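Asker: Here the protein sequences line up with chains A and B, keeping their order.
Each residue of the first sequence is one higher than the one before, counting from 5 in the numbering used here.
Each residue of the second sequence is one higher than the one before, counting from 55 in the numbering used here.
For the record, the hints were derived by calculation from the structure and aren't laboratory data.
A hint or two may mislead.
[Claimed, not checked] Heads up, simulated DSS-like pairs for lysine-lysine below, C-alpha to C-alpha not over 30 Å straight-line:
no.	chain 1	residue 1	chain 2	residue 2
1	B	K88	B	K101
2	B	K101	A	K100
3	A	K100	B	K88
4	B	K88	B	K195
5	B	K132	B	K195
[Claimed, not checked] Here are some, though not all, of the chain A residues that point toward chain B, as calculated from beta-carbon distances under 8 Å:
no.	residue
6	V40
7	R92
8	P347
Since the structure is predicted, the reported quantities are computational estimates derived from the model, not experimental observations.
For glycine and all other residues, C-beta sits at the position ideal for the given N, C-alpha and C.
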Amino acid sequence: MDKQPNPVLLDALDPLITALRIGGFRVVGPTVRDGVIRFAELSSAAESPTGWTDAQEPGRYRLRQEGELVFGYAASPDSAKRYTHPPRTTLFRWDKGPIEPEIDAPPTALIGLRACDLAALAVQDRVLGGSAAYRARRAALFLVAVDCATPSAVCFCTSMGTGPKAEAGFDLALTELSEPHRFLARAGSERGAEILAALPHRASAPADLAAAADVTRTATARMEPRRFELDGVKEQVAAARTSPVWEEIASRCLTCANCTIVCPTCFCTTVEDGTDLSDGAAERVERWDSCFTFGFTELGGEPVRASGAARYRQWLSHKFSTWVDQFGEYGCVGCGRCVTWCPAGIDLVEELERLR
Amino acid sequence: MSVPKLAVWKLASCDGCQLTLLDCEDELLSVAAKVEIAYFLEASSFKGRGPYDLSLIEGSVTTEEDLHRVQHIRRVSKHVVTIGACATAGGIQALRNFADVREFISVVYARPDYIATLEHSTPVSAHVAVDFELRGCPIDKRQLLEVLSAFLAGRRPVIPEESVCVECKERGNPCVMVAHGTPCLGPVTQAGCGALCPAFNRGCFGCFGPLRSANAATLAGLPGVTRTFSDFQEAR
Numbered sequence: 005m006d007k008q009p010n011p012v013l014l015d016a017l018d019p020l021i022t023a024l025r026i027g028g029f030r031v032v033g034p035t036v037r038d039g040v041i042r043f044a045e046l047s048s049a050a051e052s053p054t055g056w057t058d059a060q061e062p063g064r065y066r067l068r069q070e071g072e073l074v075f076g077y078a079a080s081p082d083s084a085k086r087y088t089h090p091p092r093t094t095l096f097r098w099d100k101g102p103i104e105p106e107i108d109a110p111p112t113a114l115i116g117l118r119a120c121d122l123a124a125l126a127v128q129d130r131v132l133g134g135s136a137a138y139r140a141r142r143a144a145l146f147l148v149a150v151d152c153a154t155p156s157a158v159c160f161c162t163s164m165g166t167g168p169k170a171e172a173g174f175d176l177a178l179t180e181l182s183e184p185h186r187f188l189a190r191a192g193s194e195r196g197a198e199i200l201a202a203l204p205h206r207a208s209a210p211a212d213l214a215a216a217a218d219v220t221r222t223a224t225a226r227m228e229p230r231r232f233e234l235d236g237v238k239e240q241v242a243a244a245r246t247s248p249v250w251e252e253i254a255s256r257c258l259t260c261a262n263c264t265i266v267c268p269t270c271f272c273t274t275v276e277d278g279t280d281l282s283d284g285a286a287e288r289v290e291r292w293d294s295c296f297t298f299g300f301t302e303l304g305g306e307p308v309r310a311s312g313a314a315r316y317r318q319w320l321s322h323k324f325s326t327w328v329d330q331f332g333e334y335g336c337v338g339c340g341r342c343v344t345w346c347p348a349g350i351d352l353v354e355e356l357e358r359l360r
Numbered sequence: 055m056s057v058p059k060l061a062v063w064k065l066a067s068c069d070g071c072q073l074t075l076l077d078c079e080d081e082l083l084s085v086a087a088k089v090e091i092a093y094f095l096e097a098s099s100f101k102g103r104g105p106y107d108l109s110l111i112e113g114s115v116t117t118e119e120d121l122h123r124v125q126h127i128r129r130v131s132k133h134v135v136t137i138g139a140c141a142t143a144g145g146i147q148a149l150r151n152f153a154d155v156r157e158f159i160s161v162v163y164a165r166p167d168y169i170a171t172l173e174h175s176t177p178v179s180a181h182v183a184v185d186f187e188l189r190g191c192p193i194d195k196r197q198l199l200e201v202l203s204a205f206l207a208g209r210r211p212v213i214p215e216e217s218v219c220v221e222c223k224e225r226g227n228p229c230v231m232v233a234h235g236t237p238c239l240g241p242v243t244q245a246g247c248g249a250l251c252p253a254f255n256r257g258c259f260g261c262f263g264p265l266r267s268a269n270a271a272t273l274a275g276l277p278g279v280t281r282t283f284s285d286f287q288e289a290r
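Please build the complete structure, drawing on both the sequences and the hints.
Answerer: This is the structure:
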């Protein structure tokens, strides 16, 4: 967009949800389910996690009711990955001849993505952009970002340079403000601007902009205790190849693969061929895999990376070192999901510091 | 090409895994169309003669008779696949392997002298070569159909050696351990059930056996996990 119009104030989310639904999008946003914040299809803002917040630490996640914010929580176990790079996709079918599967890419508005999530989408674009199915699913997304006001104790987006304020890659971005409760909204695309112009809104005042700046300042300060220096990490991790630290980490690592699967940038898949019993039909399916599973590096019946140490080293080295060689950026966006959702509570930031 | 002959055998077991084949319902006719179900006493008292192209064995070896039967099954079968935890790992009855089976018998049976059993409960693979071991207590229907399809097509079955966590995440379950503090064996257990228990907010209790790379010692050290199992011990 040539000219950045002033942000405007929205008093409620429902008109936005309605406008997106009328625009043909299924609206997916945060909701409370089974004790966590999950993405689900929303029909109104009443399903949002208003008044809920989370407490996160390595290996632990708990929700509690506090405050009046709609987006008063940090990264949830879901990321946009489920929508851009689904857990299971049919690549190919055979039934007396080849059948090209249709690409399933319903127009979807994702509400509540944080700056780290947007950064992860940008990383995915570079990695998976060669796939027509990925491009179709990505093009079907309308992204409503929220400036993160409530990073958790495991978040480190400021260290990775990806947040907490949403800078780019969204159609609309909101800053949630209190006293009185309101949203400061700005457009990041032409279609975002069109939707915003059609919503009931008020002009913003300098005090609103100042309050929004405060949100980002406060969020940044919350992550200060966890801040680390990114410069040199690529070389230091590569140089730590024979460090005894890997073995020590492996003694705590369950090799369960949770870290990679909740990671919004981990993209690895395996391909499974299946045959049907009845009629000779066959199917080739791509599904999420992980560098922590045995099958991932299996060659001639045995895994190349047999030890937990080799597998953890592969993962961390990829994120902070070889990913840079491959794609020119880090494979980590600092969302902290791998830290919270590790049942053993292994903290990647702490491990990085020990390896340097 | 003649129709491949299928046999289903039972050793020391509860019948649940054989039942999974009958539970296939919708797919059962497809199976029956592709193979001749020659020997399957749970479904029919008809005993078709061998040799068999594929033998499914349920149950562990716990008697002298079982020892002879597995040798016989191996001799008359081109492929042998064990189905379920008993046939694959010895099953619950392998608890005797860590105790004195005579003591168990004296407590359980009114006439212990009627019981002839081996000191240990062992998997089929301890006695004869096994072509594939399908995990589960009981086995999963989808996985059984996959193994049958694979053997019919002459390919390797696609049975991933990954943790239950992978299926949990695929299904979209929140981690019951991290989010609820529920002890869960999922991180050290092989997938296959489709993460059934965590989908209902319960911890996994390991029906599909240990993950090949299981780090059980670490899991046991996590808060709550060992307590659950020691409470169980004390209650006993």
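Asker: All the hints need checking, so say for each whether the structure fits it.
Answerer: Evaluated hints:
1. B:K88 x B:K101: Holds: B:K88 and B:K101 sit about 19 Å apart, inside 30 Å.
2. B:K101 x A:K100: 36 Å, violated
3. A:K100 x B:K88: Holds, at roughly 18 Å.
4. B:K88 x B:K195: Judged against 30 Å, a Cα distance of about 17 Å means the pair holds.
5. B:K132 x B:K195: Judged against 30 Å, a Cα distance of about 23 Å means the pair holds.
6. V40: 4 Å, holds
7. R92: Hint holds; A:R92 Cβ to chain B Cβ min 7 Å, cut 8 Å.
8. P347: With a closest approach of 5 Å, the A:P347 hint holds.
The structure fails hint 2 only (numbered hints given earlier).
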